[in-house]
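Asker: Sequence:
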Amino acid sequence: MRIPLKLVMEPGYQSYDCTGCGDCCRGRFAIVISQEDRDRIVEQKWDEKELGLGGKPLFTPQGDGFKLAHREDGSCVFLQPDAKCRIHALHGEAAKPLACRLYPFTFVPTGNNVRVDVRFDCPATAGNLGRPITAHKSDLQVLVKTAVPPDALTAEPPPLYGKVRMTWDQLARVTQAFERVLLDVSLDITRRVGACVNLVDVLREAQIGDVSAKDLPEFLDDAASHVQEAAVHDSLDRTAPNGTHLAAFRQLLNVYGRIDTVGEKPRMIRRLNTVFRMLAGKGIIPPLRDGLPNVTFADVENARGIPSGPAAQAIERYLHVHLTSMGFFGQTFYNRDYLDGMSALLLTYPLICWFARVFAISEGLETPDVGCVERAIMIVDHQHGITPLLNLPSERARTNYLCERSVLRSLVVWYGS
Numbered sequence: 109m110r111i112p113l114k115l116v117m118e119p120g121y122q123s124y125d126c127t128g129c130g131d132c133c134r135g136r137f138a139i140v141i142s143q144e145d146r147d148r149i150v151e152q153k154w155d156e157k158e159l160g161l162g163g164k165p166l167f168t169p170q171g172d173g174f175k176l177a178h179r180e181d182g183s184c185v186f187l188q189p190d191a192k193c194r195i196h197a198l199h200g201e202a203a204k205p206l207a208c209r210l211y212p213f214t215f216v217p218t219g220n221n222v223r224v225d226v227r228f229d230c231p232a233t234a235g236n237l238g239r240p241i242t243a244h245k246s247d248l249q250v251l252v253k254t255a256v257p258p259d260a261l262t263a264e265p266p267p268l269y270g271k272v273r274m275t276w277d278q279l280a281r282v283t284q285a286f287e288r289v290l291l292d293v294s295l296d297i298t299r300r301v302g303a304c305v306n307l308v309d310v311l312r313e314a315q316i317g318d319v320s321a322k323d324l325p326e327f328l329d330d331a332a333s334h335v336q337e338a339a340v341h342d343s344l345d346r347t348a349p350n351g352t353h354l355a356a357f358r359q360l361l362n363v364y365g366r367i368d369t370v371g372e373k374p375r376m377i378r379r380l381n382t383v384f385r386m387l388a389g390k391g392i393i394p395p396l397r398d399g400l401p402n403v404t405f406a407d408v409e410n411a412r413g414i415p416s417g418p419a420a421q422a423i424e425r426y427l428h429v430h431l432t433s434m435g436f437f438g439q440t441f442y443n444r445d446y447l448d449g450m451s452a453l454l455l456t457y458p459l460i461c462w463f464a465r466v467f468a469i470s471e472g473l474e475t476p477d478v479g480c481v482e483r484a485i486m487i488v489d490h491q492h493g494i495t496p497l498l499n500l501p502s503e504r505a506r507t508n509y510l511c512e513r514s515v516l517r518s519l520v521v522w523y524g525s
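Here the sequence shown is numbered in our numbering, starting from 109 and rising by one per residue.
A couple of the hints might just be wrong.
[As the list claims (entries may be wrong)] Straight-line C-alpha distance at most 30 Å; calculated DSBU-like pairs for lysine-lysine:
1) K164 - K192
2) K192 - K114
3) K245 - K114
4) K271 - K153
5) K271 - K322
6) K114 - K153
7) K153 - K175
8) K153 - K164
No lab work stands behind these hints, which were simulated from the structure alone.
Based on the sequences and whatever the hints tell you, model everything.
Answerer: Listed below in structure tokens is the structure:
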């Protein structure tokens, strides 16, 4: 395989090291394995070892291949009582399946570069625990040779929007413009996200496809300056989104809030009841997932202030990592074009704020603290770009509807202030 010319890892202030919590091994993921993974595990002769596997099969069919088997509670068959992996304990990390070795990192091919993204449904990532992610670069450089197929490096970049196309380098320059706005710490986090929403609109309306490659940097600098200046004077008038917008938003919350354990039997009656209660938006919020506190819809709608301090920094890290990885569009995000994917990424802000409010209310906090925000980020990122539900025509249409500039801006301000 042709080795990528550059493995891009930004930003350096995001940290991660495995804390051994075992959350990723408790049925939240189906671990699809390659034939090489399967052969290696078979060669380890687990059927000859007395290690509490109880004669359970090690693999189950998954499409044309296999995935690791799970117990009735959804946990991986190789998970030990101490939350450690049996394969890792006896044979070392290199003996584990590629998917297990790679998590929470993902690779995003962008021409001759491969960018590194990080999943925030891992508690260590959400909590920014461990070494800077750049400390993992040498290990990831080894994994990328196996994880990224050669044809992925020659794939054409997705459109910026519609029929407007750019090179990977030009899309990276557009990304830098959004990064500049997102990291403008002279503004609070809600105004920064709102400015990014406005920048999406500017790029759609300005016929950027007619801008020459030579003039593109200056054009993007001017566009970023324009939305930043407007954000300084943004009064953030907190006007409730209309009923149709709120109903659509609550239905999207239902998709992001659910968690399906591997092997779990469908609970259709409960799911249907949750759909209707979320649509109505009255009384106690239904249990979108186990462990979500019992609070009322009305309480969540009350103003809670703009996230600040460590809480705002956690949201900034989340958005910044996904922004610079460029994994928010194209093949890594339902084949969405750049600006559609950007809008969907910005839509995670009101989603995160909503869940953070739920936790804050249950703890008697006036404003969500960093712990509330980190738990909310874990919920949202577990589904964003991952669940096939968000790629259904109905959910794509719902996301498009909520990402219209006026609607998205109203949600950003309503739940972010």
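Asker: Can the restraint linking K271 and K153 be considered satisfied, given a maximum Cα separation of 30 Å?
Answerer: 54 Å, violated
Asker: Holds or violated: are the alpha carbons of K164 and K192 at most 30 Å from each other?
Answerer: Holds. K164 to K192 sits at ~18 Å (cutoff 30 Å).
Asker: Taken at face value, is the distance from the CA of K164 to the CA of K153 at most 30 Å?
Answerer: 13 Å, holds
Asker: Would the pair K245 and K114 pass a check requiring their Cα atoms to be no farther apart than 30 Å?
Answerer: Roughly 11 Å between the alpha carbons, so the hint for K245 and K114 holds.
Asker: K114 and K153 were given as a pair; does the straight-line alpha-carbon distance stay at or below 30 Å?
Answerer: 38 Å, violated
Asker: Take a quick look at whether K271 and K322 sit within 30 Å of each other, Cα to Cα.
Answerer: Roughly 20 Å between the alpha carbons, so the hint for K271 and K322 holds.
Asker: Straight-line Cα separation of K192 and K114 no greater than 30 Å?
Answerer: 33 Å, violated
Asker: Between K153 and K175, does the CA-CA distance stay at or below 30 Å?
Answerer: 18 Å, holds
Figure legend: structure checked against the earlier numbered hints; hints not met, in rising order: 2, 4 and 6.
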